[in-house]
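Chemist: The working numbering numbers the first residue of the sequence shown as 593 and each following residue consecutively.
Do not rely on the hints blindly, as some may be mistaken.
Said to hold, decoys possible - The calculated PhoX-like cross-link candidates involving lysine-lysine, where the alpha carbons are at most 25 Å apart (straight line), are:
(1) Lys747 with Lys787
(2) Lys787 with Lys813
(3) Lys787 with Lys821
What the hints assert, rightly or not - Have a look at the derived ranges for each label pair, beta carbon to beta carbon:
(4) Thr634 with Trp711: 27 to 33 Å
(5) Gly605 with Pro701: 41 to 47 Å
(6) Arg710 with Ala802: 24 to 30 Å
(7) Glu638 with Glu743: 37 to 43 Å
(8) Glu715 with Gly636: 39 to 45 Å
(9) Leu808 with Trp711: 39 to 45 Å
(10) Glu715 with Glu658: 25 to 31 Å
(11) Glu743 with Glu807: 15 to 21 Å
(12) Ser782 with Thr634: 53 to 59 Å
(13) Ala824 with Trp711: 31 to 37 Å
(14) Leu664 with Ala754: 31 to 37 Å
Everything labelled a hint here was simulated from the structure, so no lab data went into it.
From the three backbone atoms N, C-alpha and C, an ideal C-beta is built for every residue, glycine too.
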Amino acid sequence: MLGVIVPVMIASGSKPARVVRRWLAEATDGANAAAATQAAITIGEESLVWLALHHDRADARQRALEYLASRLPDPLPAELLALANDKGSCVRRSLAAILGSRPHPEYFPVLMQLTLDRWSDAEPHYQEPDSYPVPREAVAALETYASLGDETGTKLIALARATSDRQLRRDSLSAAARLCGPAIRRQIWSLFADKALGWLRVDATDALSAASEVELEIVGKITAERLMKLPAPLAASATILVGAHLPVADPSRYLSGSDIPNRTEHCCCSGS
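Take these sequences, add in the hints, and give me the full structure.
Modeler: Put into structure tokens, the structure is as follows:
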């Protein structure tokens, strides 16, 4: 009933703060709680929005977070950053997106925590591959920083090795390759050499290809002879890496007379 009454009261020019407070207290489903939160926002009762931040329904907490974050300067207060531990996946995902839109040193530990979030939006009964949207958002947020330290790079590589979400794996390796230093790129290159890692080898090679700089000591290890022995997907990725990062005059000479293997392997679990 309040969901019908309150909008009419607001439309008539009233600011029924007490009624909205009651609506928030009585709302038991997500849509109703979110509507009550929006009513508090509409009438400018920020104290009620803060109240909604602790509502039982994640929809209300998410709406409150998004509004309050838009009104507050950096760094955001600890009460908002603590929502990295919220039980609602939509709240955690919104927090990651918010922090990605406004980089600040104090947000970095929160983003690293969110990279380890284990909620998947895949539907198991449809046999969908694992998909972890919160860590994806967190890694995307890390990419807004100018550079990342080697400790962070090592953690991103560990995340890539551990996750069953291939897109998250690719994103993590890409961020590490682009934003970290030579030591981390060498760690990524070591994944290429591990025959037990399957498609992770391809993803590691692609990440290096996308980096703005890759050391010659890495690229120089990809010889024409080695390319010929690789499974087709890995050979293709390695060729792109060579083309992207060898000095301009070298790739054509390097590959002259060599054809990329025309093979039909479906995985990269074997090969030199």
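Chemist: Hints first: check each against the structure and report whether it holds.
Modeler: Here is how each hint holds up against the structure:
| no. | hint | result |
| --- | --- | --- |
| 1 | Lys747 with Lys787 | holds (21 Å) |
| 2 | Lys787 with Lys813 | holds (16 Å) |
| 3 | Lys787 with Lys821 | holds (12 Å) |
| 4 | Thr634 with Trp711: 27 to 33 Å | holds (31 Å) |
| 5 | Gly605 with Pro701: 41 to 47 Å | holds (45 Å) |
| 6 | Arg710 with Ala802: 24 to 30 Å | holds (27 Å) |
| 7 | Glu638 with Glu743: 37 to 43 Å | holds (39 Å) |
| 8 | Glu715 with Gly636: 39 to 45 Å | holds (40 Å) |
| 9 | Leu808 with Trp711: 39 to 45 Å | holds (42 Å) |
| 10 | Glu715 with Glu658: 25 to 31 Å | holds (26 Å) |
| 11 | Glu743 with Glu807: 15 to 21 Å | holds (20 Å) |
| 12 | Ser782 with Thr634: 53 to 59 Å | holds (55 Å) |
| 13 | Ala824 with Trp711: 31 to 37 Å | holds (35 Å) |
| 14 | Leu664 with Ala754: 31 to 37 Å | holds (34 Å) |
Every hint from the earlier list agrees with this structure, and none is contradicted.
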